[in-house]
Structures are given as structure tokens and as C-alpha cells.
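2 protein chains.
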Amino acid sequence: MKNKLIFEFSKEHTDGDASMINLLGGKGANLAEMSNLGISVPPGFTITTEVCNHFMEHNELPDSLDGEINDAVNKLVQYSGLSFDGKSNPLLLSVRSGGRISMPGMMDSILNIGLNDVNLSHLAEHFNDERFALDSYRRLIQMYSNVVLGLDYSRFEAVIENKKRIDNVSSDKDFNPDQLNWIIDAYKNTIERFSETPFPQDPKEQLTGAIKAVFSSWLNTRAVNYRKFNGIPDEWGTGATIQTMVFGNLNNNSGTGVAFTRNPSDGKKELFGEYLLNAQGEDVVAGIRTPKPISKHKTVKESLQDTFPDIYNEISNIAKTLESHFKEVQDIEFTIQDQKVYLLQTRKAKRTAQASVNIAIDMESEGVVTKEEAIMMVDADTITDLLHPQFVQNQDKELFTKALNASPGAAVGEIVFDADKAEEEAEKGKKIILVRDETSPEDIHGMYSSVGILTTKGGMTSHAAVVARGMGKPCVVGAEKLTLNFDEKTISNGDIVLSEGDVISLDGSLGEVYIDVLEVEPPSMSESFGKLMEYCDEYRKLSIRANAETELDTIKALEFGAEGIGLCRTEHMFFEGERIMPMREMIMADSPNGRKRALSKLIEFQTKDFETLFNLLKDKPITVRLLDPPMHEFLPKSDIEISNLAKESGVTTGYVGEILLKLSESNPMLGHRGVRLGLIYPEIYEMQVEAIFRAVHNLSQKEKTSINPEIMVPLVMNANELRQMKDILTTKIKEIESELNAKFSYTIGTMIELPSAALNSESIALEADFFSYGTNDLTQTTLGLSRDDAARFLGEYVERKVFSTDPFVSIDPSSVGKLVEMSSNNGKKANNELKIGVCGEHAGDPNSIFYLNTLNIDYISCSPFRIPAAKLAAAQAQLNK
Amino acid sequence: MKNKLIFEFSKEHTDGDASMINLLGGKGANLAEMSNLGISVPPGFTITTEVCNHFMEHNELPDSLDGEINDAVNKLVQYSGLSFDGKSNPLLLSVRSGGRISMPGMMDSILNIGLNDVNLSHLAEHFNDERFALDSYRRLIQMYSNVVLGLDYSRFEAVIENKKRIDNVSSDKDFNPDQLNWIIDAYKNTIERFSETPFPQDPKEQLTGAIKAVFSSWLNTRAVNYRKFNGIPDEWGTGATIQTMVFGNLNNNSGTGVAFTRNPSDGKKELFGEYLLNAQGEDVVAGIRTPKPISKHKTVKESLQDTFPDIYNEISNIAKTLESHFKEVQDIEFTIQDQKVYLLQTRKAKRTAQASVNIAIDMESEGVVTKEEAIMMVDADTITDLLHPQFVQNQDKELFTKALNASPGAAVGEIVFDADKAEEEAEKGKKIILVRDETSPEDIHGMYSSVGILTTKGGMTSHAAVVARGMGKPCVVGAEKLTLNFDEKTISNGDIVLSEGDVISLDGSLGEVYIDVLEVEPPSMSESFGKLMEYCDEYRKLSIRANAETELDTIKALEFGAEGIGLCRTEHMFFEGERIMPMREMIMADSPNGRKRALSKLIEFQTKDFETLFNLLKDKPITVRLLDPPMHEFLPKSDIEISNLAKESGVTTGYVGEILLKLSESNPMLGHRGVRLGLIYPEIYEMQVEAIFRAVHNLSQKEKTSINPEIMVPLVMNANELRQMKDILTTKIKEIESELNAKFSYTIGTMIELPSAALNSESIALEADFFSYGTNDLTQTTLGLSRDDAARFLGEYVERKVFSTDPFVSIDPSSVGKLVEMSSNNGKKANNELKIGVCGEHAGDPNSIFYLNTLNIDYISCSPFRIPAAKLAAAQAQLNK
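Taken in order, these protein sequences are the chains called A and B.
Quick note: the first sequence, position 737, residue 721 per this note's numbering, numbers continuous.
Quick note: the second sequence, position 226, residue 210 per this note's numbering, numbers continuous.
Hint data in this document are derived by calculation from the structure and do not stem from the laboratory.
No copy is singled out in the list; a pair is fine if it fits within one copy or between any two copies.
Calculated lysine-lysine pairs in the DSS-like style (CA-CA distance at most 27 Å, straight line):
#: 1; residue 1: K710; residue 2: K212
#: 2; residue 1: K813; residue 2: K802
#: 3; residue 1: K465; residue 2: K580
#: 4; residue 1: K812; residue 2: K802
#: 5; residue 1: K473; residue 2: K621
#: 6; residue 1: K785; residue 2: K813
#: 7; residue 1: K716; residue 2: K212
#: 8; residue 1: K785; residue 2: K716
#: 9; residue 1: K473; residue 2: K646
#: 10; residue 1: K465; residue 2: K621
#: 11; residue 1: K280; residue 2: K253
#: 12; residue 1: K710; residue 2: K592
#: 13; residue 1: K405; residue 2: K646
#: 14; residue 1: K304; residue 2: K332
#: 15; residue 1: K785; residue 2: K710
#: 16; residue 1: K621; residue 2: K646
#: 17; residue 1: K355; residue 2: K515
Hey, can you work out the whole structure from these sequences and the hints?
Below, the structure is given as C-alpha cells:
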């Protein structure tokens, strides 16, 4: 290898800096950065991730590494005045892993490298503490045996436990030197019995073994699985940081701790963390002793601030330096050795969504970061959580199942297996969680009545998921491990069987379901939240609209800052209560006149619905999509419902059955729907445009309005189809204009939701005032994936990296993305007045918004609860451009 | 209008020629061409189709037309020595329509223009025949009243019938002059009563009225519907040809006839046609008198050749001249006036498929046309008929229904409603027609046992259609007017109810079903047919392979000249007899080991199948597609079958039901199939490649072979997916190689049947040795059209011209075509070794082949029976390039 393999850090000389995270890993890069900043860091060096990759490929370290290590260690010897020859007062080293992204607890570290039988006494002498030296040696042998020699950890634990029992010692730290010497001998015997090589006495050999072991641990099963799950490429590799040891366990003026530069749970500006006196990092992690708080605390005494105010102030100052240097809240690890503070690590602090928003706005107002930087500090994916209730953290809970987190929020309620029952029970004041194999439009009233929804099938864009997100209700879908027995009214996961009426808690943010009553806290939209949204509005280029068709959703959408409605799905207006019957009548009619008769009942509802929406929106735009789903979606499925329908329509059940059979489809997704209905049964769309413009007219009678409905034709394949549909619509609109003696403003556009439409975008653009990409259906057809069926294999596909993310969650750039890009460019080229929007579920996904922001898109439209996330992502995307 | 509006033809001066068909219509252009050739044609002129379009747009003739007509008529007056002033011996004219494409009987003509009360006597005097003159006048008034004045034809028929009855006259031509005079008066009275304008006496006015009427008839309902049905654009318009009248009805040395320059039903080289003495064209059409044959006839006397050998020879010579000039068999109309022959029309003769092939080969061997021209003379769409039995023409028959002509040929048999029964009855020696709502893979054995298939649902690429074409069995699908009552075992169309065992006749070429036992004639693959195929092989660039997986199909395919198998659908091998049970066992197994156990039974069958195919193909290539359909396609649907399966597998019916539910899909087309099965259950594809190479190995033990199987992975979305699948396959192949101590040659490629695959073609090409476009599925996903459901609206879509043709019949160029073009280019650019084929149904469609031949495609693969058509189309496409 020709590249530099080692990067040193010390107050004397530092090679690296924070920008070299890919090469040095997060830990190594930040240690270098802290050295550069003059912060007290034990000197050391980092071996690059390239060496890790070389090791993985060739199963050996590069030839030149040995020399570089020697040079670097010699410098540490020189700085410390100690020796690494195994004979005199020893320089002790730690070896730790550290990749680009932290993988907590996944990989191995080894401490106290450099000790052996000979220099042990020098160490004891140096610190005047035999017990400390022996304990350090014991720890080294134990870690080394496990990590480097691959011996089972429990063998060494057994030695200790044994000795404790025999000598009646209660805790590790109570062993005296004799006992520790006995343990060290026993350890060595264990190694002799179970390993081919003895514990090496040569510090150099210890170090090489430790480095190899750290690199090897990149490929251990835990780490590989963790990376797979978190989408971290194997090729990134890990760095290995070799650092001079400092000892928090030296005496009672020593200690170790972790701290956040601000409170990670609410964002409050305070040094927040814990420390232990006379301890090493592993003692904090082990949880045997209870750590004390760092800052003064209401109830807990002996905070660091109380006990060592100077040290507290020193750490506090370092925290400030780091925060303003990194422009981010930091999560630091420190060690105090004889009242001297050393920083061992600093990294960006994980935090809750709420803390994240508060911190960003606080740091901006403190002048630490700019507005732009504040916007970039918040993770768009998480802020949706703030709009929903959440479970209080750290409650005891038993998992029932984990599945797809389809719609965020927390809900607790009694399970019910059908929509009618859900409505009934909810009316009694009960909180209900609706559990179904999958939902259909007929379940909508039950979903409205429930506080949460759980389905055993379907993916992130299944009916349940889409509707629940629209309603802002927590929803978990695709719980394939559960078996729903509808007849017996039970849902089970193996032996755990729940019955109707049992209470579960459902975490839609995590996709988890618990068999417990968990405590819920309300949503928390703070002042900072509002401010963040304001900032986003200043920077984003994309307009943000909402997908909404009910009064409630529209109010919510406007409250969250929607700039209009980008998708009003008119069919949702026909499923409820009194509307479904005339809808069914219409479907069962076998002539245009029969259909018109039934439609004349529906038009009243539809007109009123539009009046309500237009009135709420005032002069904000609204895109009304004409009827989209195939007819059979409106028809009943159960025998009882069929016989009811027959009775109410005055026909035989046989006739209803015939209609059902006639309308049934092998692949409804590719069936007789959208404009295909509009062209074959023009009276349906005619009724809909009539309702739109009667509503416009009625409102204009009451007040001065300027409503310009955008009429959207769904599922268009090519320009001929849109042209023909447009002719029918404009003819009808002219009729209404002449009847009402009015003149309406409107535009007519189309969904682009079939590859064919995208491929024909030039000619379609000549017929359309706007395009709106329906990226759900476009994903289904482009990839040949049914959103209702794909759950069966899509998870494994994402795991196997066939896709980098679920294509129903983020737009697949190489297929759907390519179509959107190509066709939006061609569309605008053909018609430079063309407005372009995206109204599929992807419009609420930050990843996809980043991608869409690079294209020729004017607006995106998502469910009301995704609007803040969309605004944030749109602003970030623009700032990142 | 600035352009020339009128083109004259006469032996003195001719403006146009045959190439001007778009401007003059077929009739006008060919009259001009015949004049140019010196063939005796009554002089005249043609008004252009542009005038027709002007007339349609402005509802009046262009200003300058009148002058041009006057000039042209004056020349005719001059040539004939007659007059058009209405006073002296009259020049009589005919006005006939004629578009680019003949629309027989759809539009109006008017004869004898120029006669009036005054010059009638001059005409009588000129021909010394008062009756003739009066009859001509009567005919003029009658036609004019109907066509120009819009009076009902029946009013004039009534006058004639009345007179016949009163005067006891048996035939029109038996009226004497007095009676004709009476009729003419009665006609004029009728006009006076029912029309606002009287019959015009001014020849000029008659002519203008007639011309307008001819142009108007372009827009009459009949003509509009005919054009819609035949895909003729309205904008083409019609020409109007005005021509000097000649009179076949003058005396017994006169007559009229039609003739084909060769026999249009078998192609024999003979003047073939009929004539009538003393008659006009309309008399032949009217069918009152029986015409005589033109050439000598075995049984019928008084052929033209017998009666007027000189005239026969003259016509025969003209026929030869025309044929060798036009390089096509001609269909001519002639009139003999006083032994002088006049040609009134010549056009390309319609002919049967068999005649078409024989004529092309004969004319080539006679040196009239080149090989290239011979190839272009045959309609690729029709020659498939020659491979199938056909109904004897002109039988009496009652139509039961007309639907989609899914697979050509004729079949007569008893109807049966399920596959098992079909097999049973067929084994008794009965001829069976299987009637289903739709077929599924489970019906295959029943389809094999039947002579024809009829389904009430589905389109041109439904399961029934595809499989029937593959089997070469006549099939009619999408018979939506029929109602199948499975319980009562009846199929009905309104009042006509047929029961199981009733006999029907099914014409798969026309899509017609009859309630009669019709006579069938066997297929006719002549020597000429073989020769034509040889010629095609010389010129075509595309390789032609077959879609086949059974021994029978493969034999057929090779017999028809397939150059290999381009699509071997392995799943078809699992549906039959003993195979379906282990297949189902495999599906019901809940572990890889369970699946492997079941697969170990299937591998025997599969290996033998491949041996059979490889042995037939020898060194010809074969593309084996790994399992494609979703699992549930193999599972039973009826309760009885389910309980059988449960019994045989030793599980409860409840368990089978659970599996069925678990595997059921909302949109199976977009479901868990193809490579998605291969990746999740790798043992299935592993078994399949093992079977392939065991077969290769077994054969190689017996003889020297060089089989290089092309292994095709279906339903790939992107390169990652193919790469992962390829890894699994090659690992398995290496295992088998090492087990058998063999080294196999093979390639691995993929179907391109999802838009996503097409859009990712560059990266996929780097992983693939070949692409094969599955244009069926690609059409379904690109257009979002389910082939099983689209029948409900696709017909109307084609009629409305949303598509120019059914996209399942011919590739939709603006969507699917664009994807194929783009992705094949990108694929070859990325990997210049890449082989590209097309194996969807479109590969057998001449239209699509023309399109595909313009792209970067190496081969196409179609059902065995489409191979000759594909070869012909491929040769034509290449010649046309």
C-alpha cells in the first residue's frame, strides 16, 4: 500500500482532522480534531480504514504497517517518558475500533496493552498501587484472551466467580493483590489448556494481535447484521485507534464519565451526563455501580459540579468549545486521572425529535449556527413524531410483534376485528384498535373510529398505511407473523393469543405492538417548531400541498401550513354512510340513464363536499382527481351485505352476484379504473365536474371568490385518451356555464402514474395544463410490484440490497426516478406553461424530496401530517443543492 | 384552392398515373394509368380527393372547379363528337367515387348523366333503339332522385312493381317504350310530390349535383362506419371520376363483365370471371340474370371464350399487359359495346391466402416479378391460415356469437365446460370444444384434448389465447355476449341456449361461432409455400425461433422452420398429470428441506423433458426460462380438489386453505413470481438448472453434442437482482460440474418485461449474456393494462382510436416500442456481445415485426404456428427498410 497508513494525534503533532472521517473513522478523526483544538487528549494514532479493507481482502496487514506503527509508538514513548520494551515502567495502550458511523457495542476494544509479568512491578511502583497494577494486568489478559485468542469469556468469569466464592469476596474491586495474583495464574492456566498460543509477553506482539482482532471484528456476525440492518456498506471498513492509556480507576481523584453538551431529550442548554469516581469506562457500561449526575441535581447529591467544581467548569468549557467548533451538540467521553481531565471521544449527540428542533433554534438564536445550519441540523424523518402522541420512554413492555411502521404515533386500545364493531364500540366511548388482515375502502368508518390500525398484510403503501397516514393515526402493517382468526375473533403470535376486547399498545413510529397498557404523552409542537417551519419557508423552492378530501384533513393540512390541496381523491367521498348506496345503485344500473338517475343523488353530496373544501381553502389551489378506483371496490363482499344490497335495490341476490362476477378483475390495479371509467361511462365524470362548478357557483353567490379548480384525470396512458376525456369535460362545463350564466376559471391536467404516460409526456403535455405524478402507482407498474402483495418478499429484497430502500418508501431512482426526470423535462419542453407536481406517498419522504428537488418539479403534495417533514426536507434539499 | 383540381385521361391526353392514388383515388389513378398504357378506356377525368376535403370543410365546391369541369367536359364533347347542351345527340357521363382504398358498395355512383326530355330522342335515334334510350333515362332519374335528391329508393321500386303487376310484365327489361314513358312520368310525379326541386333538365346541373352527392357520400353513415372498422382515416377523402358512358346494354353484341387475371381462390393462371351480354354493371351486381363464365368451362356453356373468342383474346391480352405492368394480379371491370372492349376499372385482386402464395411464386418463376417482389406480394397476416383446417366457403350457417379471433383454424365439436370432462370425452373418441369463462394452467390437459377453445372473457393475450396459439388450436376468446352457467352446464346468447354435448363450429380465424355442423377442409401447405419460405430465409435479417416446451410443439416448430427455441416455459412442464402433485407438495412445504424433498421428485420429470427437447434441437439454440408464475397458480381452486390435495398430502383441508389464503394475491400479475421466487426459494431454480445440465450430460454420454443452454431469469427489475440470482445459479452449476466431472457451456440472460428492467438496461446488460423482451408483460405493466381484464374496454378504446391497434396485438410504438428501442440500444452499447430477442406474443405479429426489424434486435420467438408468418414479415420488413 502506497498511502499513509497511520495518522498521529498529540499536542506535539497531529496529522488528521475531523474532515477525514471516511479514512480515520469517527473516533479517530475527532480525536485528531480535538488535538488540533488544543483540548487535552491522550496522545495516540489511528490506522486507516484502508488498512482494514486491505486486511479483509488479503487476510494480512500491509507490509509497511509494522514500520509505521513502530515509529508512532516510539513517539508515544518519547512523549510519555515511559517504555514499550516490556522491561521498565510501561507505556500502556488501548486499541479501539471506529468506523464512519458509530456501531455501538458491535466491535471489540482492548485496554492496557503493554503490561507483562516483568513490567507489572514497575507500574505498581510508579502509581504506588500494587492492586491497581495487578487488576490492570488481569483485565488485559482477560480481554486479550477473549478478543484476540478467541477464548470464551465465561471461562474467565468462572475463575473470578470461583475465587469470590472460595475467598468469600463480594466484588471484583475487593480482591487483594494475592488474590489477583492467584487469578492471573489461573487465567494463564486456562489459556494454556484451551489455546494453542500462550498470552504473549512482548508488548509489540500484544499490540499487533489487538490490531488484527479489531479489524477482524468488523466481520463478526453481530457487526455484519448491524450493518445490514442499518444500510452501512461493508466496504466502509473501520479504523483502529491506538491511544496512550489514562486511568480513571487510579484513585478517588480519578474517574470517568459521559456527557451531552445539551440535554438530548428536551434540548435544554445544560451539561447533561453521568460519571463514576475511581472507575474505568467499562465500569460505567457494566452498570454495577450507579453513576452520579454531572450537573447539580435536585435530588441526587455528589454531582461532579458539587464535588469537583473546577473539573466541572473545565469540562463545561471544553463542551462549549466543541459545540461551537462542530456547530452541533456533542456526546463526549472523558476520563479524570488525578484531577487531570482527558477527552477520549466526541461525536454528534443523538437526541429526540423534540430536542433536535429546540437545539437547532436555540443554537441559531445564540449565534452558534446560521439559519441555514439550523435547518440542516434537524432530521426531517423524525419530526413527524412531534405531531403525534408518543409512548413515555423506558416503560416495561412485552413485544407482541414488530412489523412495518406505516404511520407514526402511539395508541392504546381494545382490539376489534371489523369496522362496524369498531364504530359501535367507539361510540360507547371505548378506545379501539382495528385489527384486520388488510383494509379496504369499506373499512374507512372503522378506521375513523379507531385510535390505531394493525394489519397482518400489506406494505408501506397498502390501503391501511396510506389512509392511516392521511388520518394521522398510528398504524402498523404487514405483521406477517400474526395469524388472524376472524371466526374465533382472535389474533395470535405463536402461543400468545389475544381476543377481541384485549388491550394492546401500538407504536406506529417503530412498528411495534405490545401486550401492555403503556403510558402515552401528547404531541409537542413547540414554539421552536413554528420557528423552524418559518425558516424552511424562507429557503425551500418546492411548494407543499396536502392530499386531503375531508373537512378534518383539510383543516389539519392548513394548520400544518399546506399551500393548497394537491390531491383531492373524490372517491373517498362516496364510501361514507348514505353515499355508498346510490353509488352502488349507479354501478348496478345497466344503462346510461340508470346511472344518471343514481348519480343525481350523489351530486348533492359531492357539491356540498366541494363547497366545504373550497370555503376552507379560499384562494389556495385545489387539484380534484376524478373517480379513480374500479367499480367493484364500491360493492359489498360479504353475503349479508350482498343480500342487503339486493333487497334495497329490488333485485335478486343472484343479480348482484352476477354484477360482482362481471366486475371482478384478476388484477384490479391494472383494471377498468381511472379515465377508463371516465371514457366508457362519461356520465360519472360529468356529474363530478358539475358538482365542482355548482359548488364554485354557490360560493360565488355568497362572497367574492376566486376559485380555480384544477381538474385531474387519473390513469391516462396517452394523449388521445386525455384529449377525448377533456372534450367530454369541457363540453359539460360549457353546458353548466350556459345554464348558470357564469364563466368559470379552471385547468385540466392529468396524473402521470403509468410508464406509458411518462413515455408519452411530450404529446400529453400539449393537452394538459398540469402533470401530477402518482408515484405510488408509477412504482407499482414500473417495477411490476403490487403494493398489497409485495410485503411477502420486499423486506428480504431490501435486506439483500436489491433495492437500497423500500421503493414504496423512497423513489427508486434508477427506474421510477428516471421516468419522472425524463418525462418532466420533456413535458416542460413541449409546454412551458405546464405545472408539475408529485402527489404519491413519496412526496412525504425526505429522501425522495431530496431527489425531486433536483428535478423540474413545482410542488409536492403529501398527507397533512407529513407537511412539516416535507417542508423541512424541501428546505434542506434546496440548501444542499 | 391553388392546386390542379382535375386530372384528365383519354387516348388524346392523360394527366395522371397510377402513382397518384392518394390524390385521385385508386379508380382514377388506374384509369389514367391504363390510358397511358394505350388500353381502351372511355375518356374522362378525375376530381381530386383534395376537392373532397375542401367540400367537407366548407360544404361547397371550390370556386375554380366549375371552370375546370367545363374545360374537361368540352374536351369529352370534342373527342366524342357528341354534345352536352341538352339539345342534340347527348354525351352521357357516369360519376363514380374512388378513394385510396376500395370501399366496395359503401358510396354512391350515378350513370347516364346528360339525358333529358329533349335529347332523349336523339339518343334513341343514334342507337336506333327507343327502348334503350328510355330505359337509360329511367335509370338516370331513379338514381339521381335517390342519390342527389335524397328520395327513398323504394318509392321508385314501388312504381316499377306496380306497373309490372298492372301490365303483367315479368322483368324490367321487358317493358316496352310506352310503359317506360309511363314510368318516367310517374317518377317525375313522385319527385314533384316529395322533393323541393324537380329533376333538372340541364346536363351541367345534373353533373354538379352528382359530383356533390358523391363527395357527400364519403360522410354517409355506412361509409363512416366502414372506415372506422377498417382503420381508414376520414382525411383521406374520395376522388370523383367522371367518365364517358359506354353501353353494355345496347344490344347482343354488347355486354359487361368482371375478371381476375388469375384465379383468386387457388391462384391458377387463367382468366377467371363472369360476364353478361346486353347488360350494364348494375345488372351483374343485382344478380337477376345468371352470368356466364369468361373462360371455357367444363359444364357451363356460352363462355365468352366460346361465344366471342376474339373479344376473349383481346381481354386476355389486356389482362397480361396489366398484370405484368402492375406486377400484380388484377381484378378488372370491362364493358363491350358493339364488340368494342372498354376497360372501366382495374385494381389489385383480392385473393385467398393459398392463391396469394401460389401467385407470388408463379409470377416469380414466370419472370413477371422478382423474388423480392414475390415476397412483398403475400400478406403475412393471412398465411397462418394455411397451416390450419378451414371451413369450406359459402356454407349456410347461423352465427351464435362473434368475438376475438384468438387462434386461427376451424373446428367442429361437442361443447364441454370443464377440462377433465373434455379429456374424458375426447378419450372416447369425441371431438370436443372446451368452453370456459377463462382458462388457467390447470385446464391445459383439457385444451390438449379439445379441437377448439371458446372463452367468454379475456383478450388476445389471455391464457386461453396464448396457449391455443401455441397448440395451433382454433380459439375464440372474449365472447362477452355469452353467459356461461356452470351449474346448469349451459352457454347462452339471449334466447339461444346450448347445453353440454351440443355441437358448435368455431372459426378461430374470424372469431365466429356457429350453431351448425360446418364442413372443414384440411390445411394446405403447397410446394409454393415451401419456396416462399426459402425466399424469405434469403432476405430476412431477424432470426426466427419458437416458443415451445413440449415435444409436439418442438417438432411442429422445427417442421415450420424454427431456428431454435426462444422461450421454453418450464412451468408448463409441471401442470401435467403426475407432476402437479409433487409441485403442490413443494409449495405446501414450510421449509427449504421440505421443498427440496418435493423438488427431488420433480427433477426426474424435468431432466427427461429437457433431454427430449435437446435431442430434437441438436445444435439449435434453446432459451430455457426458469419458473415464472406465482405459486398459487399451481394450487387447486375447487373444494373437491382442495380436499383431495389435503388427503394426499396428509394435512387438513384447513391447512391447505391457510396456504391458499397466504399465497393469494390482489394482483398476481405484479406478485411474487419470476426471479422473486428464485431468490426467496433458491432451491427451485437450483433444481431447474440441475435438470438442464443433467440432461445435457446424459445426452453427451450417448452421442457427440454441443448443447449450449441459454438460461433465462424472468421478471428481473434491476441489475442487483440478476447478479444475485446469477451467483446462485453459477454456484449450483459448478457443483454439478464437479459432481459429474464435466464442463458445461451455457449463457445466462434475462427477460426484459418490466419497465424498470428496460430503464436499467445498461447495468443489467453488464450482468447478462442476452435480453429477451417479454412484450406481453411489458405491455401490461407499461400501459397498466391487465390482459385478462382489459377486454371490457379495450375494444372501445381501439374503436375510439385511443390506440391505433390493440396493444396486445401490435406493439404500442409510443410506449412499449419506445422502451424496447431505448433499452436495446443502451443494452448493446453497454455490452456489445449482448444478444437480443423478443419472445412476447408480438413476435408473431407482422406489424410488430416490421417495427422490431428497425431496432437492434437479433431474433424473435413466436408460437410454432406463427413461424411462417414471422419469417415472411421479417423478410418483408427487411426488404422495406
